[in-house]
Amino acid sequence: MSWDALIDSSLSPTEFTPWTLRQSRNVYGQLLDGSRYLDIRPVIVDGHLLTGKFHLYHQSFRFGGCGQGISEIVNDINRFTAAHKELVLVNLSHAVNVDARYRDLNQEEWNTVFEHFSRVHDRFVVSCAEEARCLTKQPLNRFIGQGRAAVVVMVNAPGIRFGKYEQGFFAPSNVGVRYEGLKTHDWVEMSQGQLSKLDILNSTADPRLYRLSWILSPEISEIVSGAGALEVVANGACVKSTPKALAYSANKALFTECLPRCHAKNIPNILFVDYLEGRDLAALAMAINDRCFPVTKPRL
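Heads up, the sequence shown is in this note's numbering, so the first residue is 2 and it goes up one at a time.
Among the hints, erroneous ones may be present.
[What the hints assert, rightly or not] Okay, derived cross-link-like pairs now, DSS-like style, lysine-lysine, Cα gap no bigger than 25 Å in a straight line:
id	residue 1	residue 2
1	Lys198	Lys266
2	Lys184	Lys245
3	Lys138	Lys54
4	Lys184	Lys198
5	Lys138	Lys198
6	Lys184	Lys253
7	Lys86	Lys54
8	Lys266	Lys54
9	Lys184	Lys138
10	Lys138	Lys245
To be clear, the hints were calculated from the coordinates, so they are not data collected in a lab.
All chains, please: the whole structure from these sequences, using the hints.
Set out below in structure tokens:
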């Protein structure tokens, strides 16, 4: 449930770093805090395969930053599943080559990404194509149990072929994650939009996982306006609009706004947040499960 799970640090901090960071801990730390859905965005910078996010402003100005290396993320996942036999979903998307004018990764570059993720020890594989058609219809014990962990790697890259890496990598249609995000920095607009979608959700009629995107996005115009980004940051004019500041208030409201609206027919399977810090949100996820799937007392 970590959005931009990759952006936990900046390898080359700049004045834009506060608006680039989306998490404060590395992938291993996020997994320990309860995240089971990782949003990973591969980028190539100076010839290195890292993770990152870059914004385009007015079709001319780009800014962003990089986080953990792909190899390090694989190591973090393996370290976690070695001790915790749980199900982890990894979503690979928005992959760009910064060295080549921010173009999408090509087939050869994606093959390098696949090669790295082939090192995931507990990568989930299926025995036939039919079984991969909709993984969300499978019971949980198909993935974990009896000392097994499972890492489902989803690849959102239109036109890219898995080739020899077909085993253990899945297209978005195989996993089935439904979401309707709204890019805004306005708390009222975001919360009302997401909660209204949750209210009409019918989980029993749709086998896909539902991702509740509880994300506030800073206004890029605020960051690069005025006398220049460096002066804006230096003067502290936009400190309240950084992703961290926005997430601080938004995440707290999840407990009071989301939980009371959940029931057996509208289940938010994934809570998509910035700055997953501590285990409070993991406790919220468990509370939602208890509310949606109450334990009934056995008859005497």
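Outcome of the hint check:
1. Distance hint between Lys198 and Lys266 is fulfilled; the C-alpha atoms sit about 13 Å from each other, no more than 25 Å.
2. For the proposed pair Lys184 and Lys245, the alpha carbon gap of about 16 Å is at most 25 Å, so the pair holds.
3. At roughly 32 Å between alpha-carbon atoms, Lys138 and Lys54 are farther apart than 25 Å, so this suggested pair is violated.
4. Note on Lys184 and Lys198: the hinted pairing holds, with a Cα-Cα distance of about 15 Å set against a maximum of 25 Å.
5. Proximity of Lys138 to Lys198 is assessed by CA-CA distance (about 22 Å); at most 25 Å being required, the pair is judged to hold.
6. This hinted pair checks out: Lys184 and Lys253 have alpha carbons roughly 19 Å apart, not beyond 25 Å.
7. A threshold of 25 Å between alpha carbons decides the hint, and for Lys86 with Lys54 the separation of about 30 Å lies outside it, so the pair is violated.
8. The straight-line distance between the Cα atoms of Lys266 and Lys54 is roughly 35 Å, outside the 25 Å bound, and the hint therefore fails.
9. With a C-alpha separation of about 30 Å, the suggested pair Lys184 and Lys138 falls outside the 25 Å cut-off, and the hint is violated.
10. For a cut-off of 25 Å, the pair hint linking Lys138 to Lys245 is broken: about 35 Å separates their Cα positions.
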